[in-house]
Each structure stands twice: as C-alpha cells, then as structure tokens.
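With the hints as extra help, turn the sequences into a complete structure.
Number of protein chains: 2
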Amino acid sequence: MTSFSLTILGSSSALPTSQRFPTAQIVTLSEQFYLIDCGEGTQMQLRKFRFRIGKINHIFISHLHGDHYFGIFGLISTMQLLDRKGDLHIYGPKGLKDAIGYQLDHFDKLSFPIIFHEIETNGICRLYESSRLIVESIPLKHRIPTCGFLFREKPRQLNIQKEAIEKYSLSIREIVQVKNGENVVRENGDTILYNDCTLPPEKPRTYAYCSDTLYKEDIIPQIKNIDLLYHEATYMHNMASRAKETFHSTALQAATIAKMAEVKKLVIGHFSARYKSSKELVEEARTVFPETYAAEDGLSFDV
Amino acid sequence: MTSFSLTILGSSSALPTSQRFPTAQIVTLSEQFYLIDCGEGTQMQLRKFRFRIGKINHIFISHLHGDHYFGIFGLISTMQLLDRKGDLHIYGPKGLKDAIGYQLDHFDKLSFPIIFHEIETNGICRLYESSRLIVESIPLKHRIPTCGFLFREKPRQLNIQKEAIEKYSLSIREIVQVKNGENVVRENGDTILYNDCTLPPEKPRTYAYCSDTLYKEDIIPQIKNIDLLYHEATYMHNMASRAKETFHSTALQAATIAKMAEVKKLVIGHFSARYKSSKELVEEARTVFPETYAAEDGLSFDV
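Heads up: the protein sequence lines correspond to chains A and B, in order. First residue of the first sequence: 1, per the numbering used here; consecutive thereafter. First residue of the second sequence: 1, per the numbering used here; consecutive thereafter.
None of these hints come from the bench; they were simulated from the model. The structure displayed is predicted, hence computed values, not measured ones. Watch out, some of these pointers could steer you wrong.
No copy labels: a pair is met if it fits in one copy or bridges any two.
[Stated by the list, open to error] Result set (BS3-like, lysine-lysine): computed pairs, CA atoms no more than 25 Å apart in a straight line: (1) Lys94 / Lys141; (2) Lys94 / Lys109; (3) Lys55 / Lys259; (4) Lys97 / Lys109; (5) Lys141 / Lys265.
Structure, rendered in structure tokens:
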C-alpha cells in the first residue's frame with residue numbers, strides 16, 4: 001500500500017523551546033510532500049529530517065500568527081537558491097499574499113511562479129485535488145481567521161486477484177479494465193465479471209489537521225471516523241479558562257473531539273512552553289481517548 | 001577582567017545546512033548581550049546556547065538579505081510573549097523598519113517600544129555609545145547597502161596597586177579619584193600622585209564584524225590592529241570570480257585583509273553550503289594568516 005504519513009517538524013506553541021520548533025508538518029503521499037504551516041526554522045527542520053525541499057509543491061497555512069508562517073520567507077528564498085522552476089502553490093487566509101510579497105520584494109526576481117490560493121475560512125472549501133488526494137479546509141475558531149485541513153485519499157482501484165490472471169488469461173489491458181470496475185467482454189462473446197477477479201480496495205485514508213482553535217464541536221461531522229486527527233492542545237484542562245481566553249484548547253478537549261468524532265488515532269501538539277514534557281498532556285487526553293500520542297519534532301505517524 | 005566575547009549563532013551563507021543556521025552572532029560585554037544579524041532560527045539558537053532573550057537590548061542588522069534578518073520577526077514576537085517592557089534598539093539600513101513593521105502589524109499591540117536607528121551605510125557612523133562600549137558602522141560593498149560593525153571597548157580606569165592602599169591609607173573616595181587619573185590633595189596639603197598608586201589599564205579590546213562584502217581594502221585603516229576580526233569567506237579562492245560576481249569574499253581574501261590590518265585573530269564564516277566542512281577554507285586562510293579560525297554554530301571566542 002502506498003505510504004501516507006505525517007511527520008511533525010515543529011510542535012511548540014508561539015514560544016519555541018530548546019526541544020520544539022514552531023508549528024510545521026509534512027504530509028507524505030505517493031512521494032509527494034505537502035507542507036502544513038511553516039513556522040520559523042521549517043527549512044532547517046526539513047534538512048534535519050531529510051525531506052527534499054524541491055519536492056514541496058503545495059504549502060497550506062492555517063492562519064497568520066507568526067509561529068505558523070514566519071518560516072515561509074526563508075523557505076521561498078531557499079527554493080530560489082536551489083534554482084526551482086516549477087509552480088509553488090500556497091494556500092492561506094487573506095493577507096498571506098501581501099505578507100509574503102512584502103518580503104519577496106527584497107529578493108532578486110524569483111525563478112519560479114507562486115500561485116496564491118486565498119482561503120475563505122468560514123466554510124468548508126475544496127482547496128486541492130489530484131488523482132490521489134483531496135484537501136479541504138476545516139473552519140476553526142481562533143482570534144483571527146483560521147482553518148484546519150482535511151487530507152482525504154481518493155477511493156483507490158480494486159485489487160486484482162493473482163489467481164484470476166492465470167485462470168482467465170487476462171491481458172494487461174483487461175487487468176486495467178477490471179481494476180477500474182469494468183467487466184471484460186471479449187470478441188468471442190465471453191464476459192468476465194470484474195467482481196470475479198478483484199478484491200475490494202483498501203479504505204481511503206484520511207488525516208485532519210486542526211490548528212489553533214477553541215474547543216469546537218461543529219467540526220465533528222467533517223472529521224467523523226477519520227484515521228488520524230491532529231488537534232492542538234496548548235494547555236492542561238486545569239487552565240481551561242486561559243485556553244478559552246486565548247482561543248486555544250486543552251488536552252482533554254482535544255481528546256473529547258477525537259472521541260466524539262470516533263477517529264482512529266489522535267496526535268496532540270502546540271504545547272505551551274510551560275510544560276517541560278508532553279507526558280502529562282498525553283496522560284490527561286488518554287483518560288478520555290486512549291489512542292492519543294504527543295507530537296514531537298521529527299516524529300512520524302502512519303495515516 | 002570583564003568578559004568580552006563573541007558567540008556564533010549561525011554560520012551558513014544564504015542556504016542553511018543541517019550543521020549551520022543562517023547568520024547571527026552574540027557579543028557579550030559586562031553581561032550585556034548585543035545581537036549582530038538575526039537570520040532565521042536565531043531565537044532557537046539563543047535558547048539552545050542559553051542566552052537570555054530578555055537581556056538583548058540592541059540588535060545590529062548588516063543588510064536586508066533574508067539570511068541576515070528573517071529571524072527578527074519571531075524574536076520580536078517572542079519578546080512580546082515574554083512580556084518585555086524595556087526599549088529595544090534596532091540598527092539597520094533603510095528599509096528595515098518597514099520590513100519589520102509590516103509583519104508587526106499582524107501582532108497584538110507590542111508591550112515595549114522599538115527604536116529604529118537607520119544606518120547610512122556609505123560612511124563610518126557612530127551607532128551606539130555606553131559607559132563601556134562604542135559601536136560604529138564599517139562601510140562594506142555588497143549587492144545592496146551593507147555595513148559591518150566595530151565594537152570598541154572604551155579606555156578603562158587605571159588599576160589600583162594594592163600596596164598603595166595601605167601605604168597611603170587611601171579612602172574609598174581617594175581610590176576612585178586615583179583610578180580616574182586624578183591626584184589626591186589632602187586637607188593638610190599632602191599630595192598623592194595617581195601615578196604612584198596605579199598601574200596602566202588593560203588596552204581596550206576591539207571586535208569587528210565584516211558581513212557580506214567584496215574584498216575591500218578600504219576598510220583596513222578602520223580595523224587596524226584590532227583584537228578579533230570576523231570576515232565572511234563564502235568561497236575558496238579557486239572560486240574568486242564567482243565571489244566577485246556575487247559580491248562575496250574568498251577565504252584567502254579574508255586572510256589578506258586580516259594580515260594587512262595586523263589584527264590578532266581572524267574568524268571566517270558565511271560558508272557556501274557546497275563545503276561539507278570548514279577545514280579546507282581555514283587551511284587556505286592560514287597560508288596567509290595563521291591565526292584563522294572557523295565560525296561554527298555555538299562556538300565562542302574571547303575578544
């Protein structure tokens with residue numbers, strides 16, 4: 001099965017620590033890299049964890065707080081130095097284009113085009129679609145316009161049964177046909193039913209990134225039953241009122257969302273610098289949702 | 001003697017590597033920190049090497065290429081989160097205020113004042129003066145307006161001779177007087193010559209930071225006989241024409257400047273990512289100026 005994974009590049013909240021860089025993540029699917037948020041130092045983390053910067057064509061920015069995008073200037077500058085030619089797509093709320101454009105004006109002329117896609121963060125918008133993947137926005141509630149991102153793999157082809165190839169003497173063209181769910185009708189009139197030579201495909205996988213947000217049950221229908229959920233957990237629940245004031249969530253709240261949405265696995269992150277380790281946050285979340293794990297810089301999760 | 005030292009926070013050229021962050025340095029004198037340049041990730045390096053961000057009151061930016069200032073947005077943002085109150089002075093070429101201001105507009109109102117000091121990079125300007133230190137600009141030649149910085153310790157007080165305190169029964173007030181180079185005249189008419197109870201002070205120490213620049217002999221008079229010189233050395237000398245094209249220097253050229261200026265020690269940095277180690281660059285420089293050392297992230301040098 002094609003690999004579909006998430007790697008944490010930065011897991012701090014606004015104040016980075018000696019262990020945690022500001023927020024950034026890489027989603028890998030079919031050897032394509034999708035960058036989610038781009039806090040300061042993202043390009044250094046990409047190098048450290050050995051992701052090729054030239055293979056990033058799509059960058060999704062959740063909101064315009066510096067800890068989620070101050071790394072984009074340096075990343076674009078580096079792409080330029082690496083003599084990039086291909087289009088770079090950047091998705092983000094209104095204002096991102098101007099913020100980047102302001103710094104870019106100091107660069108020599110870029111060798112590659114940047115295509116900005118402005119996100120209307122109030123609704124669910126389809127942002128990107130390829131043959132394998134759909135990315136849509138998740139409306140969140142933070143101090144400024146903010147959204148999350150849902151990565152949905154497209155339904156995959158049927159799997160061929162190896163025995164069937166021999167049994168029916170299937171040609172390459174016929175194999176493609178049945179994998180696409182089409183019956184084969186031969187010149188002599190024989191019909192081979194695709195059902196007789198294929199197995200159902202694996203269930204499409206899904207990953208949702210819920211960036212800085214208040215506890216918000218409205219998002220549950222959109223992320224129902226997904227495989228992997230990242231949800232911010234800036235505070236422990238004994239600081240729930242501080243979380244509410246600053247439009248953030250607690251570990252317990254992240255776990256409650258995961259439980260209500262019946263997701264398979266939860267990753268929490270964006271930890272306040274006051275917590276020396278993620279242990280207590282994970283323990284708190286596990287009281288509600290046992291399949292909870294902590295985001296740590298460099299750590300990967302299969303979707 | 002009060003400590004006066006330089007710590008390298010970032011030593012790469014425009015393209016950071018897994019070993020080197022973009023340019024930034026900390027000068028420490030009398031427990032004050034002075035930040036020189038502020039490439040992406042500077043705040044993370046400050047944490048890593050245990051410099052207290054709250055103790056930085058002066059930031060000197062040599063020029064507006066991103067690898068020398070893209071870390072300043074995050075650093076200011078962090079100062080805000082740490083609830084800074086005191087003035088922050090930022091010195092840099094025209095344009096820096098607008099570049100920072102553009103990103104700051106997205107912040108909540110800052111809790112502290114920023115005072116911008118625009119540098120005219122064509123001449124030698126006195127930028128900063130305290131009771132212990134003078135900082136002046138060094139005109140350099142790069143693709144955009146650029147300057148270096150000369151940190152000159154002020155002449156220090158005379159040193160008291162311990163035996164003289166007893167011999168002349170010097171009071172605290174009299175000790176201060178002779179250390180300031182004044183003779184003491186007592187009520188009974190006795191005169192104590194400051195020369196008889198003091199020793200000359202240590203020679204004031206000097207550090208010069210020569211950021212991105214073409215080989216430029218004009219700077220030599222200004223840095224003559226200083227204790228420590230940092231000079232960029234982006235390339236080996238077999239790439240001298242590439243260095244000239246991009247307004248950079250070679251290791252050999254940096255060493256030639258150091259030799260002609262008769263400085264005590266040379267630190268080279270801003271190495272192109274093509275060099276896997278600094279060894280060959282240092283070896284090249286040492287053929288001309290033996291007291292050459294490589295900038296490495298985290299490394300400190302006494303001035």
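Please write out, lowest number first, the hints stated earlier that are contradicted by the structure. 3
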